[in-house]
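Asks: Residue numbers (the working numbering), protein chains in the order written: chain A, 2 to 332; chain B, 2 to 332.
Since no wrong hints were added, every one of them can be taken at face value.
Just so you know, same-sequence chains aren't split out, so a pair can sit in one copy or run between any two.
Simulated crosslink set (DSBU-like; lysine-lysine; CA at most 35 Å straight-line): (1) Lys168 - Lys188; (2) Lys263 - Lys170; (3) Lys327 - Lys263; (4) Lys168 - Lys327; (5) Lys327 - Lys188.
In case anyone wonders, no lab produced these hints; they're calculated from the structure. Since the structure is predicted, the reported quantities are computational estimates derived from the model, not experimental observations.
There are 2 protein chains.
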Amino acid sequence: MPRSREIHLVVRPHGMPQPTDFALVEVDVPEAADGEVLIRNAFMSVDPYMRGRMNDAKSYVPPFQLGEVLTGGAVGQVVTSRNDRFEEGAWVVHNLGWRELALSDGAGLLPFDAAAGPVSTGLGVLGMPGLTAYVGLLDVGRAEAGETVYVSGAAGAVGSAVGQIAKLKGCRVIGSAGSAEKVAWLKELGFDEAFDYHEVPAGDALSEGIDVYFDNVGGSTLEAALAALRVRGRVVACGAISQYNATELPAGPRNLFLAVTKRLRIEGFIVSDHFDRMPGFLGEVAPWVRDGSVRYRETVVEGIENAPAAFIGLLGGENIGKMLVKVGPEP
Amino acid sequence: MPRSREIHLVVRPHGMPQPTDFALVEVDVPEAADGEVLIRNAFMSVDPYMRGRMNDAKSYVPPFQLGEVLTGGAVGQVVTSRNDRFEEGAWVVHNLGWRELALSDGAGLLPFDAAAGPVSTGLGVLGMPGLTAYVGLLDVGRAEAGETVYVSGAAGAVGSAVGQIAKLKGCRVIGSAGSAEKVAWLKELGFDEAFDYHEVPAGDALSEGIDVYFDNVGGSTLEAALAALRVRGRVVACGAISQYNATELPAGPRNLFLAVTKRLRIEGFIVSDHFDRMPGFLGEVAPWVRDGSVRYRETVVEGIENAPAAFIGLLGGENIGKMLVKVGPEP
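Excised from the complex, chain A in its bound form (with noise of 0.2 Å):
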């Protein structure tokens, strides 16, 4: 019987997560039954909004149960396959979470065509992070031609989409980041401008005035995004990475009344609830990932063990882009 290792969370962290919240743990793997799959992971992704379903409350996802795997997205080959929708050798997105080999009765796999390119994309700007990006600006924020659009977490899978769609849609754009490095890879995909959040405080590097805010971090990003966005400015709600490890309700944005004097619209968004957008993001975006349009990069950890490392350093921005996990063999 095969074996395969797999995180579980043992400890739901307080604050910043540690490495003693997460445990390795290997099983057995029984064999396929009639209508399944297995499969063999080659990466997993790491992603923010994992941190919320640490904690043990309600959320638009129910939080993870302690003893047992983390689940998330991964991307990897059909071993074998007991189902005819799935042939051997067959690339497959799913969310069966943190483990090496994932059996599956079919249900949720996205096929994953291996030709198209790098099997890691399905996991980031051919993935969910990309159709986040594309659903967020275009649907929820509507940014238009001409408008500008900052966003915020910009180096990050979503936001470095976020930031090049934008562009190649028309709209002048502004990115921060967390590092002289992450701000220098901005200005190569072409942002207009790009600014280190612990150097330049965001409301001065957005006294110009902006259109449409795209929110990855929260706090007080927020709050001088509030204060800079021009009337019928729009704010995508995404993400609050600066309030993840928040261990007490962080203060919320002083100036919010600036939502009726300048007609302000602020709204959610989870990219679950929007699937069906997936055939016209793959059918405008991927060319353009293909023909360089729109570029992505991805820092990758080795090994299932180190996981919950990788994890830690994506909540600390230790990440350029996708944060992915290698677990094993690529095309």
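Please arrange chain B on chain A, whose structure you already have, making use of the hints.
Replies: Using the frame of chain A, we list chain B on its own:
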């Protein structure tokens, strides 16, 4: 030459306005020139938004100028007309300010049909506050039959219209206000639930969940409403009377991240952007007012010299329904 008394702002209030921030001034009124009309006001409108204009701050309307007449809504009769569009004896709603007599070239005058109801309603349930309720609830909040609507400041001119229109549209309605007398009136109006926010924490009163929050007060009530909103809930950001006298930036809602997890939309609006909806509003709501389906109350202060006290009373919650100052004869 006729004489008119008017109210000037002479000191910008710090916190709650004081009577000494205002002055009563008597002036000569020239004769109506060619194209002009002279209006004798019957009622002046006292509105919460005027507090913001007393600060020297950038907002959607410019600040009041010191030493000049306060501008605000009023309804009056044309007593002299040298303008073909307005007959002598006609009633008009206008924004020419806190004065007994007003000269106008006709710009911005809205005719009011005195046969349709008391002229005071042109400043309340059939005027700007009623349109605010209608547009906010239906166009911004998109309240639907079967949904639960919560409105704060519910015994005010806007709030009482919001609740009654929502009931007529098939919603369940919860209202909050600041006294037992106001709460009793809300129940008379058919609100499903009403509570005194001094007595009952909003979080307790809203524990079964809401779909739309029509926000007139801001502050901790907004935070409680964010917590109570269901998935895809909406906040209609209309006002924040709890904060208008704040002398420093008030605390913001600490739970704004719920906008993401619950896919909330928080949207501000200004009624003057929506005057194109006036015919639709009057066509639907005026019959309801005539047949008693929509009721209203007025708190009327007599005499222009008492307008500052009326305004201070409004900010302190002394009014039930529309706060008006009677300054001249009505039909």
